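**Q** Each chain is listed here by its residues.
There are 2 protein chains.
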Amino acid sequence: MFKDNDFLYIDYTSKIKDTGEVIDTTNEEEAKKANIYNPEKKYKPLLVILGEHRVIQGLEEALYNFNENEEKDFEVPPEKAYGERDPSKVKIVSLGELKRQGVNPYPNMLIRLQDGNYATVKSVSGGRVILDLNHPYAGKTILYHVKVVKVVKDDVEKLKSLLDRWFGENNKIGLELSEDKKSVKISIPKEYFLLEDLQTRKYILAKDILTYVLPESAVTYTETYNKETFKG
Amino acid sequence: MFKDNDFLYIDYTSKIKDTGEVIDTTNEEEAKKANIYNPEKKYKPLLVILGEHRVIQGLEEALYNFNENEEKDFEVPPEKAYGERDPSKVKIVSLGELKRQGVNPYPNMLIRLQDGNYATVKSVSGGRVILDLNHPYAGKTILYHVKVVKVVKDDVEKLKSLLDRWFGENNKIGLELSEDKKSVKISIPKEYFLLEDLQTRKYILAKDILTYVLPESAVTYTETYNKETFKG
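Protein chains in written order, with numbering that gives the first Met the number 0: chain A, 0 to 231; chain B, 0 to 231.
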């Protein structure tokens with residue numbers, strides 16, 4: 000049994016119940032088997048902070064009832080996954096109009112509309128195209144297979160988990176938590192000084208630390224420049 | 000007599016020798032009189048670091064031979080100001096072509112060409128337009144009236160001058176120089192955390208400090224977040 004603000008690492012695979020289609024997985028072999036392998040993605044356990052609402056609602060709710068190392072299957076109904084289907088989001092548009100936008104539609108094609116929304120092509124006939132603007136998984140019950148592989152209890156370990164989340168594993172960022180836990184010192188090495196979104200990552204990391212780990216702390220970033228910084 | 004890396008504040012007015020046209024001035028009254036007053040601009044002495052090459056070459060060279068509070072007039076030839084005129088940069092283009100680009104040219108108009116360069120319209124006649132791609136002040140001798148109003152000698156004052164340059168006067172940034180001058184601590188208050196180019200300003204400021212003031216120092220920025228940072 001877990002509670003708000005607990006840090007869990009989970010392995011999971013999610014599938015559409017009706018079809019068995021694999022949506023997502025943290026397991027590289029599963030991804031390859033399901034033909035959704037992405038070489039850009041790192042297949043590794045996912046950090047979930049309970050109460051953060053970064054994962055599908057039904058998955059997060061189920062996690063409260065796990066124990067460490069427990070492995071379970073469960074299903075999540077549409078309203079706690081990708082939402083119910085909204086029939087009013089099915090529209091008929093003219094084939095000519097889509098072609099003018101540079102789209103040559105065929106059934107099951109996922110297209111991006113000019114307003115930025117995505118739609119699935121349901122059918123093309125007689126110069127008319129039926130588009131479905133619902134999320135492709137709307138109305139679907141999702142099957143989850145989940146294992147809680149690790150629970151992070153130590154505050155310093157929690158801080159490291161957040162560092163990994165925002166700066167990647169194997170980052171070279173220094174971390175120091177004072178004895179009284181009132182002060183977190185994070186030193187950014189020069190490799191990161193020209194990272195375009197450094198300021199944003201620091202902002203979000205500090206917010207996560209103060210929200211989920213040490214609300215009463217001060218998080219201080221330091222960045223040190225010397226003449227070596229500007230060489231080569 | 001000044002030398003490389005000296006920090007001077009100067010008041011100046013520059014004019015085209017031929018015509019007396021005022022190009023630029025640090026004096027608000029002069030700017031208004033010359034009809035070049037810009038309400039967005041702060042009229043105040045300009046920081047010049049000798050050897051930095053941020054101002055017109057002939058002006059910088061002349062400044063080495065000033066004394067504090069000295070006020071002088073001198074002229075700068077084109078090759079040490081805006082360059083010689085290059086006659087091959089005068090081109091004939093068709094009036095129709097410019098109109099297609101949305102430009103309706105008239106003599107002395109400054110226009111921006113599609114390649115990003117600026118040009119001055121010299122004449123328009125018979126469907127042909129003569130454009131001059133030289134800098135408007137190329138080939139001109141420039142008259143300077145300059146006063147060195149202040150020389151910054153103290154290292155902390157130099158650091159403050161650089162802070163003013165990159166973060167504006169009246170900035171709330173904290174500054175601390177250690178006794179042995181090996182360490183400069185700059186604390187950035189939360190008002191600046193979401194400044195889009197904060198990281199760039201910090202980078203350039205550190206570079207200026209290490210180049211012109213304290214080459215052997217370490218410049219350390221600190222930014223502290225706590226729960227107050229994210230309120231309101």
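In case anyone wonders, no lab produced these hints; they're calculated from the structure. Hints are not guaranteed to be accurate.
It does not matter which identical chain is meant; a pair holds if it fits inside one copy or across any two.
[Unchecked claim] Keeping only pairs whose Cα atoms sit at most 25 angstroms apart, straight-line, the calculated SDA-like set for lysine to any residue is:
{"id": "1", "residue 1": "31", "residue 2": "43"}
{"id": "2", "residue 1": "226", "residue 2": "202"}
{"id": "3", "residue 1": "171", "residue 2": "49"}
{"id": "4", "residue 1": "206", "residue 2": "186"}
{"id": "5", "residue 1": "180", "residue 2": "223"}
{"id": "6", "residue 1": "180", "residue 2": "227"}
{"id": "7", "residue 1": "32", "residue 2": "223"}
{"id": "8", "residue 1": "146", "residue 2": "226"}
{"id": "9", "residue 1": "40", "residue 2": "97"}
Computed from a predicted model, the values in this text were never measured in an experiment.
**Q** Can you list which hints this structure breaks, lowest number first?
**A** As far as the earlier hints go, 3, 7, 8, 9 are violated by this structure, in ascending order.
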